Amino acid sequence: MFRLALVRLQHALPTLPYPVQEGIPPVISPKQLDLHYNKHHNAYVTKLNGFCAADAKLKSQSLEEIIKATASDPTKKPVFNNAAQHYNHSFYWSCLKPNGSAVPSKLEAALKANFGSVDEFKAKFEASAVGNFGSGWTWLVQKPDGKLDIVNTSNAAVPFTDGLTPLLTADVWEHAYYVDFLNRRDSYLQSFWKIVNWDFVASNLK
Amino acid sequence: MPFVCPPLPYAYDALKAKGLSEECLKFHHDKHHAGYVTKLNALTADKPELQAKSLEELIKTQKGGIFNCAAQTWNHTFYWNGLSATGGGEPTGAIKAKIEAKWGSFDKFKDAFTNTAVNHFGSGWAWLVKNSTGELNVVDTHDAANPITDGLTPLLACDVWEHAYYIDYKNDRAAYVKAFWNLVNWDFVNKNLE
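Those protein sequences? They're chains A and E, same order as listed.
18 is the number of the first residue of the first sequence in the numbering used here; add one for each residue after it.
239 is the number of the first residue of the second sequence in the numbering used here; add one for each residue after it.
These are computed hints drawn from the structure, not numbers from a lab.
Some hints here could point you the wrong way.
Within a straight-line C-alpha distance of at most 20 Å, the following computed SDA-like cross-link-like pairs (lysine to any residue) qualify [as the list claims (entries may be wrong)]:
| id | chain 1 | residue 1 | chain 2 | residue 2 |
| --- | --- | --- | --- | --- |
| 1 | E | K408 | A | D197 |
| 2 | A | K64 | E | N409 |
| 3 | A | K56 | E | H401 |
| 4 | E | K408 | A | Q49 |
| 5 | E | K277 | A | E143 |
| 6 | A | K48 | E | K408 |
| 7 | E | K269 | A | N149 |
| 8 | E | K298 | A | F150 |
| 9 | E | K408 | A | V37 |
| 10 | A | K129 | A | K139 |
| 11 | E | K277 | E | P245 |
| 12 | A | K56 | E | A412 |
| 13 | E | K408 | A | Y54 |
| 14 | E | K277 | E | K298 |
Covered stretches of chain E (in silico footprint by chain A; criterion: 3 or more residues with CB under 8 Å from a CB of chain A, positions within the stretch not fixed) [to be verified]:
| id | region |
| --- | --- |
| 15 | 269–275 |
| 16 | 353–361 |
| 17 | 378–384 |
| 18 | 391–405 |
Given the structure is predicted, the values throughout are model-derived calculations rather than measurements.
No residue lacks a Cβ here, since even glycine has one placed at the ideal position from N, Cα and C.
Please put together the full structure from these sequences, using the hints given.
Spelled out as structure tokens, the structure:
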């Protein structure tokens, strides 16, 4: 007779606030979401847990602490990559909602103040995302002075290691859109607005 | 003279029996590869001095968008030529001895290259290269980067941008690299060695 020890893994895939098997209508198909969440994101979580299990310091740190501690250390690149990608994907899922939402007035005012209009913000964000060469993320961020900005990061990089507060992100790694949009990153971004959870975005404002 | 996207050296369905489908080649060549050429022409439209240069010259001298597009144009042409429907298997010719001299065996080289290709994080390429003294090595580059900017001679390339394998292998890059070994055009590799 033996006992199965259920080990609580340090990091886990977040439970999505919408059913995975339905995709994120009307933009992300069930197949696209299943691959992205259950294969790509899950692989980062699994690898991260592997690193943490073997390292007492990593075991004691939160996800954000691990990211900050490893961001500038080239010897810790694999740990950083997997930790940051786990963070980025979790943040991305929270930014999305089936059939989207309306922009809350406080956020609308901030977008108008910083970009001229919501439409001008969207155009600027799309241009930035389409121009993000290779794999990476495009972010709406809040700077320490309170102003909003659009930044691109490459590969796994996160804006908060540069003191910027993430508000919204779009994953522009090809795996994020290849099933539904093939090479058309521009079409993916044009459609992206139909599924943004603006209440979540607004909640990130400081 | 505008830059042109060379046609594939074979039919779109030529590699499907060995794991790269017609749909994959159609999108990879006609959308991605051709897209870089279109963009390169757009970026150099008002720069006749750059239009007159070769891709290699642009790779060695330019930065930013022009570098990215010139390098990706070059990289993809090189990649297509390194694949063949009749390729794969053990290396033949001069490269065989050189691989064995460097790694001990073809299998050990294959492991080293596979490891590099599978574990490269983000977009990029895995390369078999030769340095100025003729020594072989396996290197990986990010995004559009090309080993000629480090004075190395490319012999063989494997595209590990997700667009290279997503249609046929989805997230399974390892399965794609496994298929790659059934397609390697060793004649092309030997030609680059000369």
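Cross-check of the supplied hints:
1. K408(E) to D197(A): Holds, at roughly 12 Å.
2. K64(A) to N409(E): holds (15 Å)
3. K56(A) to H401(E): holds (16 Å)
4. K408(E) to Q49(A): holds (10 Å)
5. K277(E) to E143(A): Within the cut-off at roughly 18 Å; holds.
6. K48(A) to K408(E): Given pair K48(A), K408(E) holds - Cα atoms ~11 Å apart, limit 20 Å.
7. K269(E) to N149(A): Measuring from Cα to Cα gives roughly 17 Å; hence the hint holds.
8. K298(E) to F150(A): Judged against 20 Å, a Cα distance of about 19 Å means the pair holds.
9. K408(E) to V37(A): holds (18 Å)
10. K129(A) to K139(A): Within the cut-off at roughly 11 Å; holds.
11. K277(E) to P245(E): holds (17 Å)
12. K56(A) to A412(E): The given pair, whose Cα atoms are some 14 Å apart, holds under the 20 Å limit.
13. K408(E) to Y54(A): Since the Cα atoms of K408(E) and Y54(A) sit roughly 13 Å apart, the hinted pair holds (cutoff 20 Å).
14. K277(E) to K298(E): Given that 20 Å is the threshold and the Cα spacing comes to 18 Å, the pair holds.
15. 269–275: Contact hint for the region 269–275 of chain E vs chain A: holds, 3 residues under 8 Å.
16. 353–361: With 3 residues close enough to chain A, the hint holds.
17. 378–384: Coverage by chain A holds for the region 378–384 of chain E (3 residues, Cβ < 8 Å).
18. 391–405: It holds: at least three residues are needed, and the region 391–405 of chain E offers 5 whose Cβ sits within less than 8 Å of chain A.
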